[in-house]
Amino acid sequence: MKNNLVGKIKHVSGYLVSIIIFIACLLWIVYFNGDRHYILLSMICLVASMLPFYWHFETRNSEAREIVFLAVLATIAALGRVALAAVPGVKPTSFVVVMTGLTLGPEAGFIVGSTSALVSNLFLGQGPWTPWQMFAWGLMGITAGLVRNFKWAHKRKYLAGLGVAYGFLFGWIMDLWYAMVYVQPLNIKTFIAAYATSFYFDLTHGITTAVLLFFFYESWYKIITRFKYKYGLANVQQEIDQQSF
Amino acid sequence: MDKDKKQRRPRMERRTRSRLVFEQLNPWVMFTYYVVTIACSMAFLHPIFLLVELLLVICVDLVAHTGKQMLMVLEGSLFMTAFIMILNPLINNRGAHVIWTFGGTIITAESIFYGFMMALSLIIVLLTFLSYNKVLTSQKFMYLFSRISPKLTLLTMITLRFVPLFISRLKNLSQAQKIRGIAVTKGNGHQRGIGAVKMMQVLLIQSFTDTLQTADSMSARGYGSGKRSSYQRYRFSIRDFVSLAWYLLLTGACFYAASRGIGRMTVYPSLGAIALTPIGWLVLLGVAILFSFPLILEAWEWLWWNLLKS
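Chains S and Z, in that order, give the protein sequences.
Sequential numbering of the first sequence, starting at 1, is according to our numbering.
Sequential numbering of the second sequence, starting at 1, is according to our numbering.
Simulated from the structure, these hints should not be mistaken for lab results.
Some hints could be false.
As the list claims (entries may be wrong) - Below, a list of computed lysine-lysine pairs in the BS3-like style, where the Cα atoms sit at most 27 Å apart:
| # | chain 1 | residue 1 | chain 2 | residue 2 |
| --- | --- | --- | --- | --- |
| 1 | Z | Lys198 | S | Lys222 |
| 2 | Z | Lys151 | Z | Lys178 |
| 3 | S | Lys155 | Z | Lys198 |
| 4 | S | Lys228 | Z | Lys134 |
| 5 | Z | Lys151 | S | Lys230 |
| 6 | S | Lys228 | S | Lys8 |
| 7 | S | Lys155 | S | Lys222 |
| 8 | Z | Lys140 | Z | Lys68 |
| 9 | Z | Lys151 | Z | Lys198 |
| 10 | S | Lys8 | Z | Lys151 |
| 11 | S | Lys230 | S | Lys151 |
| 12 | Z | Lys227 | Z | Lys140 |
| 13 | S | Lys10 | Z | Lys227 |
| 14 | Z | Lys227 | S | Lys8 |
| 15 | S | Lys155 | S | Lys230 |
| 16 | S | Lys228 | S | Lys157 |
| 17 | Z | Lys151 | S | Lys228 |
| 18 | S | Lys151 | S | Lys222 |
| 19 | Z | Lys151 | S | Lys10 |
| 20 | S | Lys222 | Z | Lys171 |
| 21 | S | Lys230 | Z | Lys198 |
| 22 | Z | Lys151 | Z | Lys134 |
| 23 | S | Lys228 | S | Lys151 |
| 24 | S | Lys157 | Z | Lys171 |
| 25 | Z | Lys151 | Z | Lys68 |
| 26 | Z | Lys151 | Z | Lys171 |
| 27 | S | Lys155 | S | Lys228 |
| 28 | S | Lys222 | S | Lys157 |
| 29 | Z | Lys151 | Z | Lys140 |
Unchecked claim - Below, a sample of chain S positions facing chain Z; criterion: calculated Cβ distance under 8 Å:
| # | residue |
| --- | --- |
| 30 | Ala74 |
| 31 | Lys189 |
| 32 | Thr190 |
| 33 | Phe191 |
| 34 | Asn235 |
Every residue gets a Cβ at the ideal spot worked out from N, C-alpha and C, and that includes glycine.
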């Protein structure tokens, strides 16, 4: 009984820490002119918003099978980016991340998304964009994982629409890192201009993801689900669902 | 036989080539250096500061043998740099010296200058990451985070190893397909795309089947049976401690000066003087020392070696 309670506190404390960080940031903005240092502020918020998920994954007991399973998916996702680095905008990574979220749930989606961003950057070269990519792909995995409980999320038509939306969402998050730091007055005009310049890349990315989801959703869903049962991870899934997500 | 020798030679050279002193430090010290330099390039917005920083970053890149990639990085970031240089004057209408007006948009000398400085700052950050990628190898990167979150580090490490493995598997697969008469690289874009994804699918199935064994052998060797210990390849020596100590002190001093507004040129409402105050020059010296940390170490080693030799 006691062990259970400690375990629960351990899982929840990630959320607590990040909430405390956000409150501290708000106090900083309100009372100490924190909004002047918005580069630092944006980094802190980025880390704080990813923290609970990492925390939950880190403190949870998991078997070797689960880690290796996630590693395979993250590798396939990273491979899509490393192999197609020459073609800008075409990123099969998003497809794999969304598929992971749809089959395995939000946490696995987040972990696979952020890990594949990190690892592909270890091959392609790190930069100031790495944390933003980890965040964007992680978010993609989480939202796909949350959406999977609805019936429409497994129909190809809607999935294709979701793919296009994800392409734009990813591009908009990735525009933030340089628009926010290097363009002086931050107003709606700045962001519209930034989004307009990256429109073509975002569109390519979205359409690629949509086409891949439209044609290959069923076969990949079958494969991943089959191996989920083969690895004996179905129970793990239920446990996580009950805990906090 | 000859071919074999030719392939092996570069590897030998790589092993015997001397490394930088900076590369032999503890990864935490290197990480601090990169965090501080990037923060500096964003905190000190002054043309003299930025030009000195740019010069030093280029020197560090040259010393770290990443000089050849510099042009490539600049070429790749051309789009972003142009975006920053064009968008700043367009968005920002503040400034006293108006150059041109059209349809309500006022282009001022100040905003053009600001855009130029920002582009410079971006280039400094991108060039800094060039030597970062060379110096802070993935192994050192993993070392940094293995204590903080061992599970994620393990996951990243496995993924890192899987990437080259899967690439070689992918090659095998495509060869096998070719012999069967299914050419993936032929046909129009549509067919090639479908072929590539089908290959990925086959790779996914194969890898899932294979890695089940990896996972079981991991648990057979006791993964998850107790608290994980981590092998520490890099020790924190006295040299690391001393260099980190003075480095952090100097960083604190420089950022204190930055918070007082030194080394930050007033751009709006009208351009301030470029000339620096005596304290400004002192801070510039401090920032230059912060940026040239690897160069200083290298020079020190060179001096020491020559003194010992003579």
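Against the structure, the hints:
1. Lys198/Z <-> Lys222/S: Distance of about 14 Å is within 27 Å: holds.
2. Lys151/Z <-> Lys178/Z: violated (40 Å)
3. Lys155/S <-> Lys198/Z: holds (21 Å)
4. Lys228/S <-> Lys134/Z: Measuring from Cα to Cα gives roughly 38 Å; hence the hint is violated.
5. Lys151/Z <-> Lys230/S: Between Lys151/Z and Lys230/S the Cα gap is close to 23 Å, so the pair holds against 27 Å.
6. Lys228/S <-> Lys8/S: holds (26 Å)
7. Lys155/S <-> Lys222/S: holds (14 Å)
8. Lys140/Z <-> Lys68/Z: holds (23 Å)
9. Lys151/Z <-> Lys198/Z: Violated, at about 32 Å.
10. Lys8/S <-> Lys151/Z: holds (19 Å)
11. Lys230/S <-> Lys151/S: holds (25 Å)
12. Lys227/Z <-> Lys140/Z: The hint holds at about 22 Å.
13. Lys10/S <-> Lys227/Z: holds (16 Å)
14. Lys227/Z <-> Lys8/S: holds (19 Å)
15. Lys155/S <-> Lys230/S: holds (25 Å)
16. Lys228/S <-> Lys157/S: Holds, at about 25 Å.
17. Lys151/Z <-> Lys228/S: Judged against 27 Å, a Cα distance of about 20 Å means the pair holds.
18. Lys151/S <-> Lys222/S: Since the Cα atoms of Lys151/S and Lys222/S sit roughly 16 Å apart, the hinted pair holds (cutoff 27 Å).
19. Lys151/Z <-> Lys10/S: holds (16 Å)
20. Lys222/S <-> Lys171/Z: holds (25 Å)
21. Lys230/S <-> Lys198/Z: The given pair, whose Cα atoms are some 22 Å apart, holds under the 27 Å limit.
22. Lys151/Z <-> Lys134/Z: Within the cut-off at roughly 25 Å; holds.
23. Lys228/S <-> Lys151/S: Distance of about 20 Å is within 27 Å: holds.
24. Lys157/S <-> Lys171/Z: violated (34 Å)
25. Lys151/Z <-> Lys68/Z: Cα-Cα ~37 Å, so violated.
26. Lys151/Z <-> Lys171/Z: violated (30 Å)
27. Lys155/S <-> Lys228/S: Within the cut-off at roughly 21 Å; holds.
28. Lys222/S <-> Lys157/S: holds (18 Å)
29. Lys151/Z <-> Lys140/Z: holds (17 Å)
30. Ala74: holds (5 Å)
31. Lys189: Status holds, d = 5 Å.
32. Thr190: Given a least distance of 5 Å, the restraint on Thr190/S holds.
33. Phe191: Hint violated; Phe191/S Cβ to chain Z Cβ min 10 Å, cut 8 Å.
34. Asn235: At 16 Å from the nearest chain Z Cβ, Asn235/S fails the 8 Å test, so the hint is violated.
Consistency note: the structure conflicts with the earlier hints numbered 2, 4, 9, 24, 25, 26, 33, 34.
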